[in-house]
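Model the placement of chain B on the given structure of chain A, informed by the hints.
Chains A and B, in that order, are what the protein sequence lines are. For the first sequence, this note's numbering gives the first residue as -14, with consecutive numbering after it. For the second sequence, this note's numbering gives the first residue as -14, with consecutive numbering after it.
No lab work stands behind these hints: they were computed from the structure. Be careful, since some hints might not be right.
Same chains, same names: a pair is fine if it fits in one copy or spans any two.
[Claimed, not checked] For lysine to any residue, the following SDA-like pairs were computed, each having C-alpha atoms within a straight-line distance of at most 25 Å:
{"no.": "1", "residue 1": "Lys(-3)", "residue 2": "Asp291"}
{"no.": "2", "residue 1": "Lys97", "residue 2": "Met(-14)"}
{"no.": "3", "residue 1": "Lys225", "residue 2": "Ile95"}
{"no.": "4", "residue 1": "Lys97", "residue 2": "Leu76"}
{"no.": "5", "residue 1": "Lys225", "residue 2": "Ile176"}
{"no.": "6", "residue 1": "Lys225", "residue 2": "Asp333"}
{"no.": "7", "residue 1": "Lys(-3)", "residue 2": "Gly201"}
{"no.": "8", "residue 1": "Lys97", "residue 2": "Ile83"}
{"no.": "9", "residue 1": "Lys(-2)", "residue 2": "Asp295"}
{"no.": "10", "residue 1": "Lys68", "residue 2": "His321"}
{"no.": "11", "residue 1": "Lys264", "residue 2": "Ala221"}
{"no.": "12", "residue 1": "Lys257", "residue 2": "Gln332"}
Protein chains: 2
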Amino acid sequence: MTLEAQILSQLKKARAASHSLALCSTERKNATLLSLAKALRANASAILEANRKDLEVAKSSGRAGAFLERLTLTDARIAAMAKSVEEVAALPDPVGEIMESWSRPNGLQIQKMRVPLGVIAIIYESRPNVTIDAGVLTFKSGSAVVLRGGKEALAANTLLARMLARSLEDSGIDPAAVTFIDTPDRDAIQILKRHPEEIDLIIPRGGGSLKEALAGSAVPLMPHFDGLCHTFVDRAADLKMAEEICFNAKVSRPSVCNAMENLLVHREVAAKFLPAMAKRFIAAGVELRGDEATCAIIPAIKHATDEDWDTEYLDLILSIKIVDSIDEAIAFIRRHGSGLADAIVTQDASAAARFEREVDSATVYINASTRFTDGFEFGFGAETGISTNRLHARGPMGLRELTTYKYVVRGEGQVRS
Amino acid sequence: MTLEAQILSQLKKARAASHSLALCSTERKNATLLSLAKALRANASAILEANRKDLEVAKSSGRAGAFLERLTLTDARIAAMAKSVEEVAALPDPVGEIMESWSRPNGLQIQKMRVPLGVIAIIYESRPNVTIDAGVLTFKSGSAVVLRGGKEALAANTLLARMLARSLEDSGIDPAAVTFIDTPDRDAIQILKRHPEEIDLIIPRGGGSLKEALAGSAVPLMPHFDGLCHTFVDRAADLKMAEEICFNAKVSRPSVCNAMENLLVHREVAAKFLPAMAKRFIAAGVELRGDEATCAIIPAIKHATDEDWDTEYLDLILSIKIVDSIDEAIAFIRRHGSGLADAIVTQDASAAARFEREVDSATVYINASTRFTDGFEFGFGAETGISTNRLHARGPMGLRELTTYKYVVRGEGQVRS
Chain A
-14 MTLEAQILSQ LKKARAASHS LALCSTERKN ATLLSLAKAL RANASAILEA
36 NRKDLEVAKS SGRAGAFLER LTLTDARIAA MAKSVEEVAA LPDPVGEIME
86 SWSRPNGLQI QKMRVPLGVI AIIYESRPNV TIDAGVLTFK SGSAVVLRGG
136 KEALAANTLL ARMLARSLED SGIDPAAVTF IDTPDRDAIQ ILKRHPEEID
186 LIIPRGGGSL KEALAGSAVP LMPHFDGLCH TFVDRAADLK MAEEICFNAK
236 VSRPSVCNAM ENLLVHREVA AKFLPAMAKR FIAAGVELRG DEATCAIIPA
286 IKHATDEDWD TEYLDLILSI KIVDSIDEAI AFIRRHGSGL ADAIVTQDAS
336 AAARFEREVD SATVYINAST RFTDGFEFGF GAETGISTNR LHARGPMGLR
386 ELTTYKYVVR GEGQVRS
Chain B
-14 MTLEAQILSQ LKKARAASHS LALCSTERKN ATLLSLAKAL RANASAILEA
36 NRKDLEVAKS SGRAGAFLER LTLTDARIAA MAKSVEEVAA LPDPVGEIME
86 SWSRPNGLQI QKMRVPLGVI AIIYESRPNV TIDAGVLTFK SGSAVVLRGG
136 KEALAANTLL ARMLARSLED SGIDPAAVTF IDTPDRDAIQ ILKRHPEEID
186 LIIPRGGGSL KEALAGSAVP LMPHFDGLCH TFVDRAADLK MAEEICFNAK
236 VSRPSVCNAM ENLLVHREVA AKFLPAMAKR FIAAGVELRG DEATCAIIPA
286 IKHATDEDWD TEYLDLILSI KIVDSIDEAI AFIRRHGSGL ADAIVTQDAS
336 AAARFEREVD SATVYINAST RFTDGFEFGF GAETGISTNR LHARGPMGLR
386 ELTTYKYVVR GEGQVRS
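So here's chain A without its partners, still in its complex pose (with noise of 0.2 Å):
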């Protein structure tokens, strides 16, 4: 049997499971995940167990430091792994929530219908927790999943995804609601966006590589593959506010998409607000590079290329530009920002009104840090990832974007004329 024909096999399968998963009761949804946290929680040694095997192949395979921290289990993330899918199982269930109704003068009556999108495959990297955060969340919103993890977390994927299925089977649902790709082989991403029929969306989480393994992908994809945000400190900023919004951007968790990479300032405050605020990023080890105009003020940091306004750093490294105007400002946003998420600081509402009309970013901040771009500070309690798509969802997504909707008429003979 080929590669290709096991897959498909497999996504049939969970084809199949997707239909009796999208008729399953909120209550024998919610039963599943309650007993999977369980699972989770008494077997955390032999999960320990998977996971340092997958440790001993990354090392001696020469990976360490960041990558070997994002891979490594421990009592506390399982822990925080089976809080988490009780969490989900808390989460209202998106499926039949009715969205809309209205009736029509002839009699009709209208509902949309939030429904299940069918099935979601989930391709990610070396956190082996994904597997379940992500796999319960999809089983949630009524889908059926295909996950297809890292190669280096196959041991811990493998042993959680087959305890995600037991899960299922134990509360009498087709286990290939949750269907997990187990070979190593990298072919298997090629074969999954071949099938259309069978997925109704990729969610990637990862970076370049992965974003180029997916190009002419035949499955539409949902991607939030880059974050490069800025915040604009504007002529009429409280400048005191706007210190702590761009340190909270840029320092407070800087390798995440929502973190601050270029910061722009207006020429009429730069003087007064860039020499304290740069003794404090550079106070809290973050490098500066400005243009010439920034480094006339702050002489003791580098100059920033070209190249250094397109780079998403995901570290703590910073550009600086001094604008002359909130138009070029917003120009700049447009030119270099990825849309998704930017912010303004000002006490001037008509600067605040241009600045959320005219910057079309998936998040528009006024006087608030672009960190808040996340579905836990949004309220949706939940995240399944961030898109920078301008198609079906945008922004944070929660549970009802992995969702679609179907339109309920119900009438007493209406023909149409």
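Below, chain B without anything else, positioned relative to chain A:
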């Protein structure tokens, strides 16, 4: 200049125009539309003259019948176009609509705001009125549009697109917001589908050869190619109502995607229902094809082949099958339906509830004709197609379905802990 360079240059201008159009006021958009409606009426004779040229070419290349009918413009059709432009002006502007808003415990105010999609390409066939209809709907939705019509309507399309662009220009709007691809070269479609950085969405309006031409598109598609609709006459149906609904679904306009192609009848009522129904269909010129059980009741008709159940006739042909249960009907629809529109006729509330829950089509009807799957019939005031996609928009698409959203988050200095 190669065709690719030429089209790419047009696309870049359309992208630039989309940014300013997105900020255009409702008043200015509506004034533009009203002046276009006037221009259409004032220039009717020039439009008819261009159409005459198209018709001559089409006739001399052997086109005939329904094709020429679709291609033909008349004074009445031009008046209808102008009227529909005025109707679009009267529709509410979707841009800027606050879809939801809430506040977070930390005081952040979050608004989900409807915004334009960006650049939408519409690829259509021989009806020249689509240039105006699709052009003005996209314009009102705030997106730039790239129009690519069938080569047989080139003269009329070119003139209509020019009139549309002129109306924009006269209102001080960048005319590249309505970009017309005027080459008859089919390579143009291949070029459009390669540029996701310039086009956010392609809406194809056409048949199988267009579907094939768009395979492997790097730009997301919103297809609405197929409509294979079912009506299921349940054992608890009001048979007189069922007869009216089935007759309407098949006969009122057989050439459209929401017409019924397969009729399913519960065995318990088949002998009572089918003879009168068949008589009425046959009198209306409908060719009936039945499974064995149906042919036993109406011996005069053809036997349906396996292929019949999967064929969208778009014609006065209907396949009829007798089923033993609602389960069989639902399974049959899952297997053979296109997910566009399916109906049940029943007085049994539990059968209706099962059907609406288990049939996963864009529009599911209880006791009404599938022919209501239409933006106008749904009260959208417009129709930009009927999507069989599961992502972004499903079923009848109005103005709102051409948009996306962003989140506007207002704070007073909040930072993330």
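Tested hints:
In the homo-oligomer, the alpha carbons of lysine -3 and aspartate 291 lie at most 25 Å apart only across protomers (22 Å), although the nearest pairing inside one protomer, at 49 Å, exceeds that limit. With identical chains, the CA atoms of lysine 97 and methionine -14 are never at most 25 Å apart, being 44 Å at best within one copy and 49 Å at best between copies. When the C-alpha separation of lysine 225 and isoleucine 95 is checked against a cutoff of 25 Å, the pair qualifies only between copies, where the shortest distance is 23 Å, while the shortest distance within a copy is 52 Å. Taking CA atoms no more than 25 Å apart as the test, lysine 97 paired with leucine 76 passes in both settings, with 21 Å inside one copy and 21 Å between copies.
Proximity of lysine 225 and isoleucine 176 under a CA criterion of 25 Å is satisfied in neither setting, with 53 Å inside one chain copy and 51 Å between copies. For the homomeric pair lysine 225 and aspartate 333, the shortest alpha-carbon distance inside one copy (15 Å) is at most 25 Å, but the shortest distance between copies (67 Å) is not. For the identical chains of this complex, lysine -3 and glycine 201 are neighbours both inside a copy (22 Å) and across copies (22 Å), given an alpha-carbon limit of 25 Å. In this homomeric assembly, lysine 97 and isoleucine 83 come within 25 Å of each other (Cα to Cα) both inside a single copy, at 6 Å, and across copies, at 18 Å.
In the homo-oligomer, the alpha carbons of lysine -2 and aspartate 295 lie at most 25 Å apart only across protomers (23 Å), although the nearest pairing inside one protomer, at 43 Å, exceeds that limit. In the homo-oligomer, the alpha carbons of lysine 68 and histidine 321 never lie at most 25 Å apart, since the shortest distance is 39 Å inside one protomer and 43 Å across protomers. For the homomeric pair lysine 264 and alanine 221, the shortest alpha-carbon distance inside one copy (22 Å) is at most 25 Å, but the shortest distance between copies (79 Å) is not. In this assembly of identical chains, the alpha carbons of lysine 257 and glutamine 332 lie at most 25 Å apart only when taken from the same copy (16 Å versus 76 Å across copies).
The earlier numbered hints that this structure contradicts are 2, 5 and 10.
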